[in-house]
Amino acid sequence: MTPTKTSAADDLGRKDPAPREARAPKAAPAAALARRRGRRETLAGYLFLTPWCVGILLLTLGPMLVSLYLAFTDYNLFDSPTWVGLKNFREMFQDDRWWTSVDVTLKYVLIGTPLKLLVALGVALLLVKPRKGQGFYRSAFYAPSLIGASVSIGIVWRSVFQDDAIVDKSMSLFGWDVGGWIGDPDWMLPTLVTLTVWQFGAPMVIFLAGLKQVPRELYEAAEMDGAGRWRRFRSITLPMISPVLFFNLLLELIHSFQVFTSAVVIGGTGGSGAGGPADSLLVYTWYLYEQGFRNLRMGYASAMAWMLMLGIGLVTVVLFKTQRGWVHYEEDAR
Amino acid sequence: MSARWVRRSGRLRAAAVGLLALGLLASGCGGGSGGSGDGTVTIRYSWWGAKDRAEMIQKTVELFEKKYPNIKVKTDFAEYADFWSKFNTQAAGGNPPDVFQNSVAFLRKYGEKNILLDLNQQVKAGNLSMKDFRAGLEKAGEVDGKLYGVPVGANTFALFYDPTEFKKAGVTPKDGWTWDEFFSAAQKVSKNGDGLYGAGDNAGVMYLYDLYLRQEGKAFFTEDKKLGFTEDDLKKWWGDWYGRNKDGVLVPAKKAEQVKPKATISADLAAAEFTWDNFLVRFAAETKTDLDLGPIPTLDGKKTGQYLSSLMLSGSARTQHPKEVAKFIDFMTHDPEVGKIMGYNRGVLPTNAQYEAFKPTGVNAKIAKYEESVTDKLEPITPHPAGADVAEAAFLRIYGQVAQGKTSVDDAVDQFFSEAKTALGS
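These protein sequences, in sequence, are chains A and B.
My numbering puts the first residue of the first sequence at 1, with every later residue one more than the last.
My numbering puts the first residue of the second sequence at 335, with every later residue one more than the last.
Isolated chain B, as found in the complex:
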């Protein structure tokens, strides 16, 4: 009898151990960011970008942890589009990162859904300073009186070009030049041979078309959350670029596809490309070619349509540690050492303290000079409606079908308008 009892209780004990293990497993799943007994707090920080940014951010995080030994920071990163699908999933599951990279385009979208932490309270509590920001940047993260993001850098859309190739073709990009001049320059470069194309085919880049529309006095999105252009406008834009692509002036879609995730200019396929000016830092890590930033071509010789955008840090409304998040953001935007490490990787540094601490050389100096040169051309930014990111992705994908020769321009335009309507309507 007693032997049986022993055996039985042993079995029950085993079952109890099993249950305990299950419990541990469950708590393991739940606990992401928590405090432990000794007062140490862990916050999660995610951002998008490439390897060069990862290395810099790791260094700044180490600095932060040294200054605040009680706060541990867990980082993770992904490419832009992947970052947002991951973020959506985490946020929907009630487990978003405590602090994350953000941009103006997403403030409204996630603000409306109560995902973003209103940092105003932390500013009042003295955990985060909004002083010392340059050129009105302290206002960039404000939506309807709430502070949803703090800029870590200011950037603007720019033309990237290879000065050596342009010189060989006898063209110098200059202020106020026109789109016709730009394309004929690209043509000359591509005629020079050795497999280099005049420019990357950027007709599917929403931000570039936005500039063109602004030059016409329109914009990609209107204030009432609709598309700010007609089917005919887009047919002209896409048709024009695709025509030049077929003529061999622009990088063919297949080649561009193969070098992903590099851009065509950093893969040494094209002599020109349009993108955000802070990409110069990333490109310098990807190609040996010395690239320059040039003026955006215009319609009337004056207006470029450019505006100052910025990458930001936002907190999650669900965070258990708003104070620590605020301190983290404060450190990342004001600490001079952080400025020295990051340089202009996320755009020109946001606060005077960081701006003055960092002495730009090489590519960073080029970015600083470029942003200075466009200061008097900058216009106010148009807020993006919710669904803008979906429309942006559709714009890129659908033009990709045109560039591959799989869809006619007319069909593609119809398809984009129908998808954009769904995206912006919901």
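With the rest of the complex left out, here is chain A:
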């Protein structure tokens, strides 16, 4: 068993492909055998991969291509689609509710994401120094990330922000009397933003990992040179964790463009089929869903999905382009 195991590793060519070729001319039959076996190994490898391959082909790539085709058609789910060219895309720009959904989503992304990262970084800075009960605090702050996107938390949020519920009462204590947030179109988006900010745990953990990587010598040297707390943060911490910041920013942006469940639950949209009171929580994905599955306009919905994809793609490209300016990788530091 043992010798075959080592030779198998060689045959896969991962460890060191050179010896195999060197051996080849000397013992041709052995090499042929090895090659044949190599092919078998490859076959087995692909067999093992099939579930995943079939999954990505049938469940991801296939539907994506179909939706690309549908984006250029009128399709009501039941009759066969008819080609309409760019009509769906043209219509989008004239559709007031589409613009509302873009507006709501952009506000959510542009306010929610920076706030969330700010809180995540702040708490990570507090938790990075070793202290008693640190493990508990880390888990406690992380917990909301695990449950925050669930329907039940959406329902809790809805009741917490009602008239005379805990938020209303505590705000009144400070003389800020707006009543419950739920049901008031101007306060629906802030309610949703607080929910996403509350789930700062996941980026926080990533920040923590990044902060631990910063070499202590840098701080010691800076302290010697008389750098203050803020200066050390600005000139050492921020640049050193900028790759982590970049990663978090990218992840959270992409993620929050796709907000759906919490918006639907907090907006109470389930029953009435609208995007919250006066469309105040008409997030992009909900409008897409409404057009596709309620109004049976799957062609339009597909076109919307591709616009969202383009939008997210654009944001990603822009982020990567600006990366040079503010993200410092270890190579640069050396």
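Keep in mind that the hints were calculated from the coordinates and are not lab data.
Quantities reported herein were computed from a predicted structural model and do not represent experimental measurements.
Some hints here could point you the wrong way.
Below, a list of computed lysine-lysine pairs in the DSS-like style, where the Cα atoms sit at most 25 Å apart [said to hold, decoys possible]:
1. B:K594 x A:K169
2. A:K169 x B:K589
3. B:K385 x B:K693
4. A:K87 x B:K693
5. B:K522 x B:K559
6. B:K443 x B:K559
7. A:K169 x B:K596
Position chain B against the provided structure of chain A, taking the given hints into account.
Relative to chain A, chain B alone:
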């Protein structure tokens, strides 16, 4: 060598097991309703409603399974709007429930798309009886000679009110009263204080506006699948209600929003509300306040515009088990025990067998009495065109923006007409 062989075949075997697992997974996805070896058949049954209905339906399903041990029924339910998005998705995927709750408004829409099972064949085969139905209900599910649905109850739109509060305000809703009288009653109730409003703001409820239009000799939808009213008509209707909302007579939009999915009357926010009469059963589960059903206000002192609608059971054209579906519908519409369990939750019971088996008490008796009292006012129902449900949702949502003070009545009316045109045109 042999060791290698053993090892290799072991690896291939592992791969084969992987493939097998994949195959199982795939078949698991595909098989929804199928028969198993012992002749047992499973049918899927979905419907919309709330918890009270869920408990009742579960009991009736258990009865059915006891009588037909070879048929298993898998149920699921959602609120009205969610039910239909789920249904659309399943139907488009070729996997709709075998039997499901339906209403007159959707017969044409899904009938045209060949989603609904024509039950006539099952009637001929003797699996489903269309006899013994009350007041011509056996015709309610017929569209162009095809039987697309069987009524499980008959309901009509009604005024709900809190008699104690109305008495305190010195008003009794009576036959032939006018909209002005209704609103002034609501005003009196809301002036009495203690945070109760005169009525819920129902200006966005398509079915209510439909009644008002019928009183004017029009209707929400015309026979040729268009809107049966003008922009000015709607401006007057919405403007009128919104004015009263601002005056504090009707429940403000924000408060109504917070109590969802309850209605404002079952959340004890309003003393009056317009909706389907069978909702009395649901409301009784949601509020302790004793509610009554009252006459719809009129324009001329006579015409209310009311008609009999009904919730139905329909089969899916794709079902593998049309016979079992027919037997299920037959059982649910004729079995006296089912009638006793369901009461008037989905409207007054459809067949004489069930109607006589169930002795209405409490809220059920009120519904029975109400439907009796409006019998001579009922008009024929206007069929809804395809897209009517989208127009209905838009009507509710767009008035919601008015009620929130986010859109002017004029802009809202323009928006509704443009959205309705898209919905009805496609």
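Taking the hints in turn, this is what the structure says about them:
Restraint check: the Cα-Cα separation between B:K594 and A:K169 comes to about 21 Å, which is no more than 25 Å; the hinted pair holds. Simply put, A:K169 and B:K589 have alpha-carbon atoms about 17 Å apart, close enough for the 25 Å limit, and the pair holds. Straight-line distance between C-alpha atoms of B:K385 and B:K693 comes to about 23 Å, which keeps the hinted pair within the 25 Å bound. Restraint check for A:K87 and B:K693: not satisfied, since their Cα atoms lie roughly 58 Å apart, outside the 25 Å limit.
Distance restraint check for B:K522 and B:K559: the Cα-Cα separation of roughly 40 Å exceeds the 25 Å cut-off, and the hinted pair is therefore not satisfied. Our distance criterion of 25 Å between C-alpha atoms is met by B:K443 and B:K559, whose separation comes to about 12 Å. Taking the CA atoms of A:K169 and B:K596, the gap is near 23 Å; set against the 25 Å cutoff, the hint holds.
Of the numbered hints stated above, those contradicted by the structure are hints 4, 5, listed in ascending order.
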